[in-house]
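Enquirer: The lines below spell out each chain.
2 protein chains.
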Amino acid sequence: MSTNAENPAGTAPANRELVLTRILNASPEKVFRCWTEPELMKQWFCPRPWTTPVIEVDLRVGGGNFIVMRGPDGTEFPNRGVYLEIVPGKKLVFTDANTKGWEPSEKPFFTGILTFEDAGNGKTKYTARAVHWTVADRESHEKMGFHEGWGKCAEQLEEVASKL
Amino acid sequence: MSTNAENPAGTAPANRELVLTRILNASPEKVFRCWTEPELMKQWFCPRPWTTPVIEVDLRVGGGNFIVMRGPDGTEFPNRGVYLEIVPGKKLVFTDANTKGWEPSEKPFFTGILTFEDAGNGKTKYTARAVHWTVADRESHEKMGFHEGWGKCAEQLEEVASKL
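Protein chains in written order, with our numbering: chain A, 731 to 894; chain B, 731 to 894.
Treat the hints with caution; some may be incorrect.
It does not matter which identical chain is meant; a pair holds if it fits inside one copy or across any two.
[Claimed, not checked] Heads up, simulated DSS-like pairs for lysine-lysine below, C-alpha to C-alpha not over 27 Å straight-line:
id: 1; residue 1: Lys-837; residue 2: Lys-855
id: 2; residue 1: Lys-837; residue 2: Lys-772
id: 3; residue 1: Lys-772; residue 2: Lys-855
id: 4; residue 1: Lys-853; residue 2: Lys-837
id: 5; residue 1: Lys-873; residue 2: Lys-853
Hints were generated in silico from the structure; no laboratory data involved.
My request is simple: use the sequences and hints to build the entire structure.
Expert: Below, the structure written as structure tokens:
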């Protein structure tokens, strides 16, 4: 029995959130595939020259994922998460707060809420929200280069999706 | 992109977990109902003389719940959470890390993993696991009286379920 209170002023969700929106030249179904099929994900998930040598996806609610990002100097960053909501071609929600089997992770950092809306003419309105538990983590994510990094990745994602 | 590493030694899941197991004299279906129907929940959710004046349940994955616990002196403790996994009559998983719409809560405290196994003769093997993000939170939950509180509640739950 926890004692979470309502959000006090100053930590309203908007202050803990980062959002990227793009119109991508590929259908929602294709963009969704690029977010859920490991072989496609590996082609765009990190801003080049970073790579993602390992991507494991258990695409079901409560299924885990495991993603290793590798920097240009060879340093690897492993991340584990779990899928919270899956609406094929429309929505994907995941978090690093829990991992497979709902085990709590070492540190809840953010929940990713992705929507893929039909923008007509085979295009997708792609919205990626990263909602954090603390304002400090939102700031840290922003300083890590969220906007540039996710922006660059959205371009790479479009490149992969538009060729499917 | 977070940088969660593997759990270092000392914070293995077992050290962050509290578990209660009971054989209850009611079927898994009835015990599950008592965990998911607000009017039934109100009858057992807090160890008496505590009460639960407000229980709202949106029983779907990603649906929120809102539970207000009231102490004997009238102090109220509001809690919000979200359902992660629902297997009618068998399993229920929820967390206070996120709330409805997957918004991160103010403070992730624990994830509850409940299983309701058929123990024969109309009885249920009821297992309630509370898995925390930190050892400190597990200890704090234990000091709040997890074992006595959840144990007493399990008795109250059995009382309500066995009359259905």
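Enquirer: Taking the hints in turn, state whether each one holds.
Expert: Each hint tested on the structure:
1. Taking the shortest alpha-carbon separations for Lys-837 and Lys-855, neither the intra-copy value of 31 Å nor the inter-copy value of 32 Å comes in at or below 27 Å.
2. When the C-alpha separation of Lys-837 and Lys-772 is checked against a cutoff of 27 Å, the pair qualifies only within one copy, where the shortest distance is 25 Å, while the shortest distance between copies is 33 Å.
3. In this homomeric assembly, Lys-772 and Lys-855 come within 27 Å of each other (Cα to Cα) only inside a single copy, at 22 Å, whereas the closest approach across copies is 44 Å.
4. For the identical chains of this complex, Lys-853 and Lys-837 are neighbours neither inside a copy (36 Å) nor across copies (38 Å), given an alpha-carbon limit of 27 Å.
5. For the identical chains of this complex, Lys-873 and Lys-853 are neighbours neither inside a copy (30 Å) nor across copies (55 Å), given an alpha-carbon limit of 27 Å.
The structure shown violates the earlier hints numbered 1, 4, 5.
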